[in-house]
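Protein chains: 2
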Amino acid sequence: MDPVQYIQTLASAARAAAGVLAQTPGGARDAALRAGAGALRDAKAALKAANEKDLTGAAGLSEAMVDRLHLTDARIEAMAAALEQIAAQPDPVGATISAINRPDGLRVEKRRVPLGVIGIIYESRPNVTADAAGLCLKSGNACILRGGKEALHSNLAIARVLRGALAACGLPEAAMTVVDNADHAVVTAMCQAEGLIDLIIPRGGEQLIRAVAEAATVPVIKHFAGNCHVYVHADADLDMAERIIVNAKCQRPGVCNATETLLVDAAVAEKFLPRVAKSLIARGVELRGCDRSRKLVPAMKMKKATEDDWRREYLELILAVRVVDDLAAAIEHINTYGSHHTDAIVTESLAAAETFVAAVDSSSVMVNASTRLSDGGVYGLGAEIGISTDKLHARGPMGAEDLTTYKWIVTGQGHVRT
Amino acid sequence: MDPVQYIQTLASAARAAAGVLAQTPGGARDAALRAGAGALRDAKAALKAANEKDLTGAAGLSEAMVDRLHLTDARIEAMAAALEQIAAQPDPVGATISAINRPDGLRVEKRRVPLGVIGIIYESRPNVTADAAGLCLKSGNACILRGGKEALHSNLAIARVLRGALAACGLPEAAMTVVDNADHAVVTAMCQAEGLIDLIIPRGGEQLIRAVAEAATVPVIKHFAGNCHVYVHADADLDMAERIIVNAKCQRPGVCNATETLLVDAAVAEKFLPRVAKSLIARGVELRGCDRSRKLVPAMKMKKATEDDWRREYLELILAVRVVDDLAAAIEHINTYGSHHTDAIVTESLAAAETFVAAVDSSSVMVNASTRLSDGGVYGLGAEIGISTDKLHARGPMGAEDLTTYKWIVTGQGHVRT
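Protein sequence lines, in the order shown, are assigned to chains A and B. Under the numbering used here, think of the first position of the first sequence as 3, with each following residue one higher. Under the numbering used here, think of the first position of the second sequence as 3, with each following residue one higher.
Quick caveat, the hints were computed from the structure, so don't treat them as lab data. Model, not experiment: these values are computed from the prediction. Accuracy of the hints is not assured; some may be wrong.
Any copy, or any two copies together, can satisfy a pair, since identical chains are not distinguished.
[Claimed, not checked] Here are the computed lysine to any residue pairs in the SDA-like style, where the Cα-Cα straight-line distance is at most 25 Å:
#  : residue 1 : residue 2
1  : Lys112    : Ser351
2  : Lys112    : Tyr339
3  : Lys112    : Asn337
4  : Lys305    : Phe226
5  : Lys112    : Cys171
6  : Lys55     : Tyr339
7  : Lys297    : Ala385
8  : Lys297    : Asp327
9  : Lys50     : Gly206
10 : Lys112    : Ala227
11 : Lys306    : Glu272
12 : Lys112    : Ser100
The task is simple: from the sequences and hints, build the whole structure.
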């Protein structure tokens, strides 16, 4: 079928389902989530069989990608448990955000409602299919999921199970659809389905996200990766600083909230750099430093950093290191080279912390804490649909509430405009 | 200058100014707004002289457009008064939206901050220049304003006055810039200035907004016009219904929250239609009805409505009229043909009101009130930057708070991820 027609058909069905979901009480949506969890557990064999087909077709993919694609018993259990956790969260829909009574008796209420239909475009990991569907259902939205073609059999199998659970609970199956058309033109059609799809969330590499943002006329919330920083201020507790940078770099280097650049205040560089360099090198981290850093640790293995290193998101055990003159220089570096994702200061100075928090233009600013803590779970959002690098609508970790909008409800007794 | 370079230069200066504004207390921003109001009053002669140049060049424009372009003493006073009203509003910046302490002592705060740099693309009315600049300054944002070329002299004169007021108050002039390059490529460059401009708000005709949305990679909040409805339910107070539809259609027909279609429940059509038709025709309204409507008021002048009429935004004294079988049919009509802007029900039935409010997918849903009341002032937002027809970030009337985002501030005592 023509990709535009194909998406129009899917999205029209999703839109009708969204109309039903918007009027379904939270308890019914939660019951469907729990039924979905049970159904995933019951369908382990079928899910693994479908996954096997994807793995067989995965020749040529990197080992890391094959690993991400793999559905094991433990991962199926984790998907089911995530749906149960989502069900246990408070209902994000229906709350009154604000309400006023005007002097003439008109009541103006701002009430939280679902967005409608959400399109999610993502890569390889099949668990995203269940997580995204769960968060959309929780927030009363229908969803259209377009995963990578390498995971198509797995994604379709998950969808079959979850749609069965929806139907068993009396909810429309079209509330959740996995796109079974691998044609790339389908992605473009989704991005341009104005009036049918209310929001597109692309999750994956920078190239995918950029392509989606460029093609889209439907609103997009982008999830770019992070070039995160830890700045060790002149008044830092250096033991704490070492603990934080080691965690921020090494605990899980392949994710967006891992730190990529260490900034050290000139006032403590001589004291701090040798010990932290030793500690990081012992953990297998490759250091790339500015000239001042390299002079302070001549005995250490530290490559020379280039301008390009300040902009890199390594996503591996490499750390750029720079000595900065002061707080202002650290802020300037972060706002110039950073990706406005998550940046940290280590300091005992209240004034320095306040200046850093106010001036660093990032979605998360950490004081005496690791950048790795930038996370929906840590922030109390429950499950997370992603970490938005946009400023509009949702910034930083996004939970189910961020998949809602609001409606103004105005109640009068024959009020007119004069 | 090359349009891309031109915008990069402007936007870089605006970005630096935004960094200063983000750290300027509310009192200082309010003082600059009041200084701007005074300066506009003092500069009446210069503003009118600049406006005279635009009016001289306006040959060929419609009378309505020339009227909108005209800066009179009263309109200059209204611009000044609007800035003072904006200054008097509470500061939208800096509030704590939420804050939690995690079990391990980590504090997670969500704090409201300015967006950064806002680009506004608009047509003819020069007062938008002062209003938009005022709301951006109030919310701590820098702005780049691109008005119509027919109003360029007026817009530049207003900008000169307001920039002078900023400078006199110690704030950066680059916080507010009117684009003086009439090349249309500048609009495209603004829409694609990712990383320099945080939000584009187009205000004007549908064609302008669509062109901006299609060209943009920067987030856009669209302000499309409205195809608004009044539905008279079976249990309506018919006197109230007549008062509301007359107001919604006639009080100011040329604006987006004026009503374009009247839906009458079959149960009351025979009783209601003749009287309301008479009343509307007496006020010069042209009626275009469905077959059932026309049969019920054979003596009235009622043209036959076509499918196209259900979708039209007339913006003049024309009203489409349709008899619907019941509440469900009214909702179906509105969600199918409407523009999701503002729609009203007139009813004494609580159940009907609740169903309508839940099922109509519009930014404002009115119960027993005129659609004309869909307005930032009425909703208590103070001055209004526009009425968003998007669902993301801001929906319906947008005030200064809608020009902000938030930042996560995470404070630990050496907290790391385990």
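Each hint, compared with the structure:
1. Lys112 / Ser351: Intra 41 Å, inter 21 Å, cutoff 25 Å: inter-copy only.
2. Lys112 / Tyr339: between (39 Å within a copy, 24 Å between copies)
3. Lys112 / Asn337: between (35 Å within a copy, 20 Å between copies)
4. Lys305 / Phe226: Answer is neither: 27 Å inside a copy and 55 Å across each miss the 25 Å cutoff.
5. Lys112 / Cys171: neither (30 Å within a copy, 36 Å between copies)
6. Lys55 / Tyr339: Result: close neither inside a copy nor across copies, 43 Å intra and 45 Å inter.
7. Lys297 / Ala385: Answer is neither: 45 Å inside a copy and 57 Å across each miss the 25 Å cutoff.
8. Lys297 / Asp327: within (15 Å within a copy, 83 Å between copies)
9. Lys50 / Gly206: within (24 Å within a copy, 54 Å between copies)
10. Lys112 / Ala227: So Lys112 and Ala227 pass the 25 Å test across copies only (21 Å; inside, 33 Å).
11. Lys306 / Glu272: within (18 Å within a copy, 86 Å between copies)
12. Lys112 / Ser100: both (5 Å within a copy, 18 Å between copies)
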